[in-house]
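Q: Respectively, the protein sequence lines represent chains A and B. Read in order, the letters of the first sequence are residues 1 to 320 in our numbering. Read in order, the letters of the second sequence are residues 1 to 370 in our numbering.
Please note: incorrect hints may appear among the correct ones.
Residues of chain A clear of chain B, computed beta-carbon distances all greater than 12 Å [said to hold, decoys possible]:
no., residue
1, Glu11
2, Asp39
3, Tyr41
4, Ser86
5, Leu90
6, Arg91
7, Val94
8, Arg206
Not everything, but these chain A residues come out facing chain B in the computed CB check (under 7 Å) [what the hints assert, rightly or not]:
no., residue
9, Glu235
10, Gly239
11, Arg301
12, Leu302
13, Gly304
Here are the computed distance ranges between Cβ atoms for each label pair [as the list claims (entries may be wrong)]:
no., chain 1, residue 1, chain 2, residue 2, range
14, B, Pro271, A, Gln3, 40 to 46 Å
15, B, Pro182, A, Arg206, 46 to 52 Å
16, A, Glu242, B, Pro253, 24 to 30 Å
It is worth saying that the hints were derived from the structure and are not from the lab. Ideal placement from N, C-alpha and C gives every residue a C-beta, glycine not left out.
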Amino acid sequence: MRQLLEDLFLEAFRSPALAERHDGAVVPLGAERLAFTTDSYVVTPRFFPGGDIGKLAVYGTVNDLAMTGAKPLYLSAGFILEEGLSLDELRRVVASMREAARECGVEIVTGDTKVVDRGKADGLFINTSGVGRVSEGVSVHPRRVRPGDAVLVSGDVGRHGIAVLSVREGLAFETPVASDCASLAPLVAALLEAGVEVHCLRDTTRGGLATALNEIALDAGVGLEVDEPAVPVDESVAGACELLGLDPLYVACEGRMVVFVPEPQAERAREVLCRHPLGAVAARIGRVTEGPRGMVSLRTRLGGQRLLDLLSGEQLPRIC
Amino acid sequence: MRYVDEYRGADEARRYARALHSLVTRPWTLMEVCGGQTHAIVRFGIDQLLPPALTLLHGPGCPVCVTPVELLDKALAIASRPGVVFCSFGDMLRVPGSGRDLLSVKAAGGDVRIVYSPMDALALAERLPEREVVFFAVGFETTAPACAMAAHEARRRGLRNFSLLVAHVLVPPAMEAILAAPHRRVDAFLAAGHVCTIMGMEAYEPLAHAYRVPIVATGFEPLDLLQGIHMCVAQLESGRAEVENQYARAVRPAGNESARAMLREVFEVVPRTWRGIGPIPASGLGLRAAFADWDAERKFDVVSVGGREDAACRSGLVLQGQLKPPECPAFGTRCTPDTPLGATMVSSEGACAAYYRYRRFQVPCPTTSP
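Using the sequences plus the hints, can you model the full thing?
A: Next up, the structure:
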């Protein structure tokens with residue numbers, strides 16, 4: 001995916017804002033700065049414990065805006081419906097989007113609908129784009145990450161991926177795991193309002209925490225050191241991962257982010273996050289180093305050290 | 001996490017490491033047979049805790065890695081047929097056959113599905129009576145009983161649209177092949193704990209005797225591995241060569257009787273070619289004649305096209321502990337998880353994959369003071 005981005009899209013669309021490779025672009029608009037982002041949502045199943053495709057489509061785009069330090073304001077919604085999708089299901093998805101938008105304090109102000117023949121799509125695809133305003137003095141992007149910065153994570157990791165997998169694969173766990181999908185905008189606002197000098201934010205979606213950390217290390221040209229025992233993982237997620245042979249550090253979240261702040265502000269940032277219910281178990285998990293550049297090393301619970309690599313393709317459940 | 005965290009304690013691990021440092025008087029080479037153990041060792045950094053005189057070699061215990069190309073090519077051919085639902089464990093999907101893998105068959109429109117158990121594939125066959133459901137039965141003695149159960153149930157329920165493409169392999173014959181090799185480097189074995197859970201310990205007695213080698217059935221958590229290593233070294237240092245059981249919380253000496261009975265009913269021991277290693281007599285399982293109707297090789301009558309292996313791939317040497325992955329000239333250059341030359345680079349239990357994933361650019365090791 002990264003290679004496709006570099007070889008095709010970045011090359012074809014050449015733009016300084018795009019080249020930042022952040023979750024959203026920040027562009028000047030008169031005297032103000034506008035954050036702008038887009039994302040398409042495809043998930044099987046469309047309903048899962050703790051959420052559905054509609055919620056994801058709102059939260060996901062709101063979160064991408066929040067990761068630029070912006071206050072999310074307006075969204076668009078595009079729907080591609082496969083012929084045969086039940087109207088009742090579509091109503092539920094739309095109601096869920098309305099509810100999520102209300103909660104995030106954003107308005108869905110424009111949209112589009114297309115219907116395609118049966119077999120030409122997988123039920124329902126949603127695209128949302130969003131804009132937000134970046135306040136003066138706020139500058140959040142990978143280039144600001146400095147050696148010595150502290151790395152925090154806003155909550156326990158891996159819930160969303162396990163929630164979706166448990167429905168998709170029909171796995172029944174003793175304690176059902178609900179998706180963590182949520183808006184991160186209030187957490188970001190709390191950090192900025194408290195005067196924390198946030199250098200960079202990244203939501204830990206596809207590929208989980210490990211992928212987000214690797215992307216930042218590559219884009220910022222720094223090394224990262226992460227303490228494995230410091231990363232919060234819920235007992236039930238850890239159990240499910242153990243059973244399925246998955247590493248929770250690579251399992252997707254939809255309501256978690258990593259936060260890079262200067263070391264002296266790390267404890268303050270953690271306290272601010274912990275005061276919010278969504279950040280109750282926020283933790284400091286590591287630090288930024290000079291190098292090796294573009295690499296994330298993990299201090300294991302036994303005190304050994306190893307690479308926390310970018311995965312090639314998806315994590316596949318293993319044999320035994 | 002109960003029953004897991006207890007076996008990952010950092011303080012206890014350091015205690016074992018200290019005990020090993022004071023126990024070792026000379027160089028010893030141990031082989032962990034199972035790829036799951038290899039990954040745990042590299043992932044947790046257990047080798048970094050050991051005295052320098054101890055060398056860990058990684059063994060052939062990655063079923064995905066040793067599945068012969070010929071059989072993989074048959075799998076690809078069957079999976080490409082219209083009407084077939086081809087079910088497999090996840091980590092078989094990226095393993096290269098002669099030029100392509102199951103994922104590319106899926107991308108080209110083949111119905112290839114990941115399942116967690118052969119019984120899931122059986123249920124699929126029941127739900128889709130108009131389709132032919134084939135399960136790729138890969139694995140050691142650990143996964144074989146569930147496959148045997150699937151065949152047994154398919155026959156009992158008269159499910160004619162279900163079949164198994166069998167690639168099962170057995171651990172003790174592979175260990176013997178390594179011991180009998182001319183330039184043997186292995187002084188002791190950590191035997192695979194889960195294999196012993198099914199099969200028990202008796203098959204290892206003759207090996208320990210004939211080759212004067214300690215064999216310790218060992219689990220998969222860091223403390224299991226450290227204790228297993230300690231038991232091996234204690235034997236070596238005192239000149240013993242016995243079969244011992246570190247994984248006593250799971251392994252009974254006679255194994256799992258009902259699983260073994262199921263294996264006997266459905267499978268017979270057959271010769272098997274191991275990818276990268278070659279033919280090993282009596283080292284695999286095949287379906288008995290009574291189950292011929294559920295044998296995908298017979299049902300689909302696919303002929304092997306004489307699998308092509310990339311000439312630059314040294315995975316055979318890696319699988320026999322004669323080469324560490326980073327010593328291979330292709331490692332990390334021509335051969336990566338995106339462009340694998342051999343199965344050891346893509347299987348979740350492959351040694352090359354472990355080194356690529358966790359040690360690609362050797363991160364500076366903290367100096368351990370035991």
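Q: Each hint needs a verdict: does it hold in this structure or not?
A: Verification of the hints:
Interface exclusion of A:Glu11 from chain B stands, the closest Cβ pair being 20 Å apart, more than 12 Å. With a least CB separation of 24 Å from chain B, A:Asp39 remains clear of the 12 Å interface cut-off, as annotated. No Cβ of chain B approaches the Cβ of A:Tyr41 within 12 Å, the least distance being about 22 Å, so the stated non-interface status holds. Against chain B, the non-interface label of A:Ser86 holds: every CB pair exceeds 12 Å, the least being about 22 Å.
Every beta carbon of chain B lies more than 12 Å from that of A:Leu90, the smallest distance being close to 27 Å; the non-interface claim holds. Every C-beta of chain B lies more than 12 Å from that of A:Arg91, the closest at about 30 Å, which supports listing it as non-interface. With 12 Å as the threshold on Cβ separation, the claim that A:Val94 sits away from chain B holds: the shortest Cβ distance comes to roughly 32 Å. Consistency note on A:Arg206: stated as away from chain B, and its beta-carbon is indeed over 12 Å from all of that chain's, at 17 Å minimum.
For A:Glu235, the shortest C-beta to C-beta distance to chain B is roughly 6 Å, which falls under 7 Å, so the interface hint holds. The beta carbon of A:Gly239 comes within 6 Å of a beta carbon in chain B, closer than 7 Å, and the hint placing it at the interface holds. For A:Arg301, the shortest C-beta to C-beta distance to chain B is roughly 6 Å, which falls under 7 Å, so the interface hint holds. Checking A:Leu302 against chain B: minimum C-beta separation of about 5 Å stays under 7 Å; hint holds.
For the restraint placing A:Gly304 at the interface with chain B, the shortest Cβ-Cβ distance is roughly 2 Å, inside the 7 Å limit, so the hint holds. Separated by about 43 Å at the C-beta atoms, B:Pro271 and A:Gln3 satisfy the suggested range of 40 to 46 Å. Taken as a hint, the range 46 to 52 Å holds for the pair B:Pro182 and A:Arg206, whose Cβ atoms sit roughly 49 Å apart. Judged by the Cβ atoms, the range 24 to 30 Å given for A:Glu242 and B:Pro253 holds: they are separated by roughly 27 Å.
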